[in-house]
Amino acid sequence: MPTLNLAGALRLLLLVAVFFAGVWSQSSGVIDEFIFYIPDIRYLAAQHLWLTAVSGSLAILVAIPLGILLSRPSMARIAESMMQVLNVGTTIPTLAVLALSMSFLGIGVVPAVFGLFVATLLPIARNTYAGLKGVSPALREAASGIGMSPVQRLLKVELPNALYVIFAGIRTALTINVGTVPLAFLIGAGGLGELIFTGIDLYDPVMMLAGAIPTAVLAIGVDILIASIAFIVVPRGVNPSRA
Amino acid sequence: MIRLDNLTKVFDTPKGAVTAADHISMEVPAGEICILLGPSGCGKTTTLKMINRIVRPTSGKVFIDGEDTSALDTQELRRNLGYVIQQIGLFPNMTIEENITAVPRLLGWDKDRYKRRARELMDMIALDADAFLKRYPSELSGGQQQRIGVARALAADPPVMLMDEPFGAIDPINRAVIQDEFLKMQQELKKTIMFVSHDIDEAIKMGNRIAIFREGKLVQYSPPDDLLAAPRNAFVESFLGEDRALKRLNLVKVRELASDEIGVVRPEDTLATALERIEGFGYQNAILMINDKRQPVGIIHRSVARTTSGYCRDHFQSVPTVVSLDDDLRKVASLMFAYDMTWMPCVDDEGRVCGQITQRAITHHLGSRYRATQSSGPGDDTGTPTPSAAEE
Chain A
1 MPTLNLAGAL RLLLLVAVFF AGVWSQSSGV IDEFIFYIPD IRYLAAQHLW
51 LTAVSGSLAI LVAIPLGILL SRPSMARIAE SMMQVLNVGT TIPTLAVLAL
101 SMSFLGIGVV PAVFGLFVAT LLPIARNTYA GLKGVSPALR EAASGIGMSP
151 VQRLLKVELP NALYVIFAGI RTALTINVGT VPLAFLIGAG GLGELIFTGI
201 DLYDPVMMLA GAIPTAVLAI GVDILIASIA FIVVPRGVNP SRA
Chain B
244 MIRLDNLTKV FDTPKGAVTA ADHISMEVPA GEICILLGPS GCGKTTTLKM
294 INRIVRPTSG KVFIDGEDTS ALDTQELRRN LGYVIQQIGL FPNMTIEENI
344 TAVPRLLGWD KDRYKRRARE LMDMIALDAD AFLKRYPSEL SGGQQQRIGV
394 ARALAADPPV MLMDEPFGAI DPINRAVIQD EFLKMQQELK KTIMFVSHDI
444 DEAIKMGNRI AIFREGKLVQ YSPPDDLLAA PRNAFVESFL GEDRALKRLN
494 LVKVRELASD EIGVVRPEDT LATALERIEG FGYQNAILMI NDKRQPVGII
544 HRSVARTTSG YCRDHFQSVP TVVSLDDDLR KVASLMFAYD MTWMPCVDDE
594 GRVCGQITQR AITHHLGSRY RATQSSGPGD DTGTPTPSAA EE
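Chains A and B are the protein sequences, given in the same order. For the record, in the first sequence the residue sitting at position 15 is 15 according to the numbering used here, with numbers rising by one throughout. Going from the second sequence to the numbering used here is simple: count from 1 and add 243.
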């Protein structure tokens with residue numbers, strides 16, 4: 001198969017490139033320099049993840065109930081305008097949100113968590129709302145028709161069917177969250193931003209990379225983690241990745 | 244038994260109030276299938292959905308087995324009414340087993356009992372329990388899904404079923420199969436069923452009674468044969484179609500019209516005898532020849548009998564076709580056209596000739612009902628349905 005051969009050749013080429021990149025970085029001493037930062041990376045990464053965990057869980061805890069509430073028929077009238085408010089909320093750059101929250105809450109972890117919380121809230125709320133609204137009316141009618149109460153209908157039919165979309169929202173939101181945490185350094189909350197921004201200020205590319213690469217790895221890691229949770233939690237019948 | 248008493252629904256729309264169902268009163272006796280039939284927007288679905296309060300009635304009452312349902316809690320009411328919808332509405336997040344046992348689980352049955360019930364239901368709808376129970380709805384074909392939808396509605400053995408165009412989304416071949424299966428099940432289960440349809444043929448096939456709706460009003464409520472024989476007004480007539488007499492053919496079995504008199508010859512008779520009997524019985528072209536067990540073995544053509552001499556056993560041709568006593572007239576008429584025959588021999592379950600059915604008998608049967616209803620008095624077009632069979 002020619003396509004397989006092409007893919008094989010590309011893979012080989014990639015290996016060779018990685019190998020030479022390794023040789024170069026070893027010979028130029030970048031690796032040694034990088035290793036020098038490992039204790040810092042370890043400490044800051046933990047701080048970074050802690051910020052993500054706190055702001056992310058808060059956002060999930062608020063956004064999902066908010067999305068559920070807005071999707072209820074009784075809220076139909078104000079739901080769309082509420083979603084617009086939230087949409088406008090996201091258009092404000094995270095840096096501006098952090099600056100604003102700093103001016104109210106001062107410097108440190110609290111304003112940073114608040115800023116990250118606001119940035120994470122919307123994708124989750126929006127997906128929860130859209131996911132629940134996307135459950136087909138026939139399913140809702142069938143659920144009511146066989147005698148489920150509104151709460152049973154929500155828990156047994158609507159949420160399970162919206163879960164895949166809700167998880168997609170959580171995944172996007174937390175990945176953005178991890179990528180935004182470095183900005184929190186600017187208002188004194190620490191995290192890997194410390195290495196990135198200091199590296200930029202000192203014109204020290206290795207230091208900057210010592211912050212940037214772990215940030216990227218963390219983002220990918222969080223993404224994979226949420227995807228795996230979704231894989232397990234979302235019922236097989238409504239889980240496209242398990243179809 | 245379901246009784247609707249002046250059931251009315253008025254929808255408030257931006258264009259003003261719309262009466263979707265206007266003082267509907269009717270009664271479905273226990274164990275019967277009542278088809279609500281009419282063009283779209285005629286109020287049939289609204290009427291059905293008022294029974295389980297998916298649509299809340301503006302006024303009027305629903306009685307089930309004599310009990311006024313307005314006193315019942317909505318969820319409790321619905322758990323006692325089987326509900327099947329056109330879009331099937333199986334829960335994609337649940338396995339087939341979880342889907343069919345949804346109502347029993349809501350009712351708090353213990354696990355052994357509802358698991359056993361799931362297997363019973365799978366047997367009933369003729370799907371293999373081991374193969375299907377652990378699968379998800381998306382892994383099933385449309386026909387299989389709708390069977391599961393029916394099983395889910397039957398799960399807690401409700402006395403009453405509401406079905407909203409249940410077979411509407413299935414291809415015609417599968418639909419006929421599922422309809423037959425469903426009728427067979429109904430013969431044992433004897434549920435009282437309200438069934439919405441827009442398909443006149445389905446209504447005639449499935450219904451013990453048919454209620455025709457138009458613009459929110461119940462126009463006519465009769466058994467299918469009465470409906471076809473005596474449409475109440477021009478609307479019903481046009482809705483039933485120009486060929487409504489032909490549709491009645493579906494409803495009548497050969498048994499009802501067959502006469503046990505049939506002219507036959509035996510192999511040892513002469514052709515002269517055959518000709519004599521052909522003339523005597525007024526057959527135009529042929530006569531049936533039977534053996535000692537009264538089984539049809541051949542036919543003697545009139546032309547042969549007239550021009551040839553000899554014995555029947557040497558000059559017969561194969562029997563083109565016979566009909567059984569349980570066939571419907573539609574099949575008979577079709578065979579008559581196909582073989583250019585004005586009569587058909589009828590055979591019983593053992594294959595013995597037991598009579599004949601003639602084209603004349605069929606046309607006479609269809610015609611007599613029309614004449615009877617036409618002479619019984621002019622139909623009024625004003626709307627209130629006649630209590631032709633159902634209303635008390």
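Hints are computed from structural coordinates only; laboratory data are not their basis. Worth double-checking, as some hints may not be accurate.
Said to hold, decoys possible - Below, computed lysine-lysine pairings styled on DSS-like, alpha-carbon distance capped at 25 Å: (1) 354(B) / 156(A); (2) 427(B) / 496(B); (3) 427(B) / 574(B); (4) 156(A) / 377(B); (5) 448(B) / 574(B); (6) 427(B) / 448(B); (7) 574(B) / 496(B); (8) 448(B) / 304(B); (9) 358(B) / 156(A).
Next on the checklist: So, against the hints stated earlier in the document, which numbers end up violated here?
Outcome noted: 8
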